[in-house]
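S.K.: Sequence lines, in order, name chains B and Y.
Position 23 of the first sequence, counting from 1, maps to 23 under my numbering, and the rest follow consecutively.
To convert, count from 1 in the second sequence and add 279; that's my numbering.
Do not take every clue at face value.
Listed next, with one range per pair, are the computed distances between beta-carbon atoms [as the list claims (entries may be wrong)]:
| id | chain 1 | residue 1 | chain 2 | residue 2 | range |
| --- | --- | --- | --- | --- | --- |
| 1 | B | Asp235 | Y | Leu369 | 40 to 50 Å |
| 2 | Y | Gly437 | B | Ser251 | 46 to 56 Å |
| 3 | B | Val256 | Y | Ala371 | 52 to 62 Å |
| 4 | B | Arg101 | Y | Pro438 | 15 to 25 Å |
| 5 | B | Glu169 | Y | Pro381 | 52 to 62 Å |
| 6 | Y | Val363 | B | Asp189 | 40 to 50 Å |
| 7 | B | Gln246 | Y | Leu284 | 52 to 62 Å |
| 8 | B | Val34 | Y | Val355 | 30 to 40 Å |
| 9 | B | Gly57 | Y | Trp365 | 24 to 34 Å |
| 10 | B | Thr61 | Y | Val355 | 31 to 41 Å |
| 11 | Y | Gly437 | B | Ser196 | 27 to 37 Å |
| 12 | B | Glu169 | Y | Leu388 | 56 to 66 Å |
| 13 | Y | Pro438 | B | Pro84 | 16 to 26 Å |
Derived from the structure by calculation, the hints contain no laboratory data.
The beta-carbon is built from N, C-alpha and C at its ideal position, and this holds for glycine as well.
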Amino acid sequence: MLVDGPLPVAGGTAERMLDVRALRKVYAGKDRRVEALRDLTFSVGRGELVCIVGPSGCGKTTLLRCLAGLLAPTSGDVRVEGRPVSGPPPGMAVVLQEYGRSLLPWMSVARNVELPLRHKRGIDRKRRAQLVAGSLDAVGLADVGNAYPWQLSGGMQQRVAIARALAYEPQLLLMDEPFAAVDAQTRADLEDLIRSIWHRTGVTVLFVTHDIDEAVYLGGRVIVLSSSPTVVQDDVVIDLPDERDQIETRSLGRFVELRRHIYAEIRAAKIGRRQGAGD
Amino acid sequence: MRTNLLLGTAGVLGTAAAFEVGPRVLPLPGGALPPLSEILSALGDEVRDGAFWQALLDTLQQWALGLVLAVVAGIVVGAVIGSVRWLRRLTASTIEFLRPIPSVALVPLAVLLFGTQLRSAVLLAFYAAFWQVLVQTVRGAADVDPVAEDTARCYGLGPLARARHVLWPTSLPYVVTGVRLAASVALILAVTAELVIGSPGLGREISAAQSGGATALAYGLILVTGLLGLLVNVGVRAVERRQLAWHVSVRGEVAA
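Could you build the full structure based on these sequences and the hints that come with them?
M.R.: Dropping the structure here:
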């Protein structure tokens, strides 16, 4: 397993976990068509941590919903471990931005974490209890299993959602702007939590965010999306040391360079589109 | 809490006193409203008679049958309609048309079908209660949070598991409200059917007492039906509080 960090998969050398080819999604409304995704092609190798970053309204959530099998693309192809996605693929876990709505308020924290396991094959009661306790412990919430989600702070609720994903022992973890609604300090803690989970389990992580800093800090690779209609603007390998530290890493010259590069890409994408529209 | 109880008791006693003193000071023509003490003593005599308990049992039976059938049918139909958007649109206007038809208007139908049997009252109670449950359940099922639903789908929960863990708990507060409304309405309709059609029960006893000139007894029986309504409401509310401890309307303030 790739526990020491991602291989550069831009060339496609590692075993592929996720393949996206010529993905296009058009929402057909009553009297207007919105082309949310125009043409997306990329792949993610097994054990990679890839961030997808793009300007707001560029269809990041649409992309994630297509990858999760919740939304059928207009054309193109999504494959997880080589199998085409037509519904939520097995072995996939998700963490969404709206933690308050994705956790069920009528179940205790432990029951929320346990629920997906009860419907996963081959896990007996004892193993379930182990997984629940282990994953709550891993996110630092070992003592709140009996509380209800609404009794916890936002950051803690998002930890519960992460614990739920962790307990599921996924092959692929999709995260849709998971930290957009928590405060800055909590956010830094959660970023480090994701890095450490990724190191320990070797799970493939696809992390969608609008925050360039976050993408560079977290990712082994950053895929930059253009503004809508969306294409892949750039695919940047983050060649920072594998051990990341909120203060040290963020003050590295290379971090600033990568950040500036991606920021310029996103701005260029916007300007390019505006000129294109003016023709 | 304590002041509430005190005030409530005072209110009940005050009303009772008014109904005791009022008819004595200003008697209605023909003794149309006897003082409370007379009503209670007439009722006391009646309670010692087996016929009263049979009538009470008949009313409860018709009420319960109509209500249970309505709750089951309302929940099943409501859950299906509520979770499918085009079905919701398809049925909305039909429901809005059928729902306001007063159940009492179905008396001729009930009499044609079942005569003065117990089933007539059950039919009317069912019709009235069904819509209450149906409309609330449809609303509840439509209220399912798409984020919660998507999350459950992503984690591989099938349609039945999602119905059990997401749809049902989301709808429950609505369903309980519907059942509470339905319970009261079903009781009203059961008694109405007994009064109008003459199916066995408290309503028929009231009508018999009134036409036999036993005015005090008629009022006594009316009091019993009121008490019944109160018990029904209190009972459903207790269940509500127990089942919905997690719900926003029930849970206390939380320091987040």
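S.K.: Confirm or reject the claim that Thr61 (chain B) and Val355 (chain Y) have a C-beta distance inside 31 to 41 Å.
M.R.: holds (35 Å)
S.K.: Look at the Cβ atoms of Gly437 (chain Y) and Ser251 (chain B) and judge whether their distance stays inside 46 to 56 Å.
M.R.: holds (49 Å)
S.K.: Taking the CB of Gly57 (chain B) and the CB of Trp365 (chain Y), does the distance hold inside 24 to 34 Å?
M.R.: Hint holds: Cβ distance 29 Å, inside 24 to 34 Å.
S.K.: May I ask you to test the hint 16 to 26 Å on the CB atoms belonging to Pro438 (chain Y) and Pro84 (chain B)?
M.R.: With a Cβ separation near 22 Å, Pro438 (chain Y) and Pro84 (chain B) satisfy 16 to 26 Å, so the hint holds.
S.K.: Can you let me know if the beta-carbon spacing of Glu169 (chain B) and Pro381 (chain Y) is within 52 to 62 Å?
M.R.: With Cβ atoms ~58 Å apart, the hint holds.
S.K.: For Val256 (chain B) and Ala371 (chain Y), compare the CB-CB distance with the range 52 to 62 Å and indicate the outcome.
M.R.: holds (58 Å)
S.K.: Is the gap between the beta carbons of Gly437 (chain Y) and Ser196 (chain B) within 27 to 37 Å?
M.R.: Since Gly437 (chain Y) and Ser196 (chain B) have Cβ atoms about 33 Å apart, the given range 27 to 37 Å holds.
S.K.: For the pair Val34 (chain B) and Val355 (chain Y), does the Cβ-Cβ distance stay inside 30 to 40 Å?
M.R.: holds (38 Å)
S.K.: Starting from the range 52 to 62 Å, see whether the pair Gln246 (chain B) and Leu284 (chain Y) falls in it by beta-carbon distance.
M.R.: This hint holds: roughly 57 Å between Cβ atoms.
S.K.: Val363 (chain Y) and Asp189 (chain B), beta-carbon distance inside 40 to 50 Å?
M.R.: Cβ of Val363 (chain Y) to Cβ of Asp189 (chain B): about 42 Å, so the range 40 to 50 Å holds.
S.K.: Do Glu169 (chain B) and Leu388 (chain Y) keep their Cβ atoms within the hinted range of 56 to 66 Å?
M.R.: holds (60 Å)
S.K.: Is the hinted range of 40 to 50 Å satisfied by the C-beta distance from Asp235 (chain B) to Leu369 (chain Y)?
M.R.: Cβ of Asp235 (chain B) to Cβ of Leu369 (chain Y): about 48 Å, so the range 40 to 50 Å holds.
Of the numbered hints stated above, none is contradicted by the structure.
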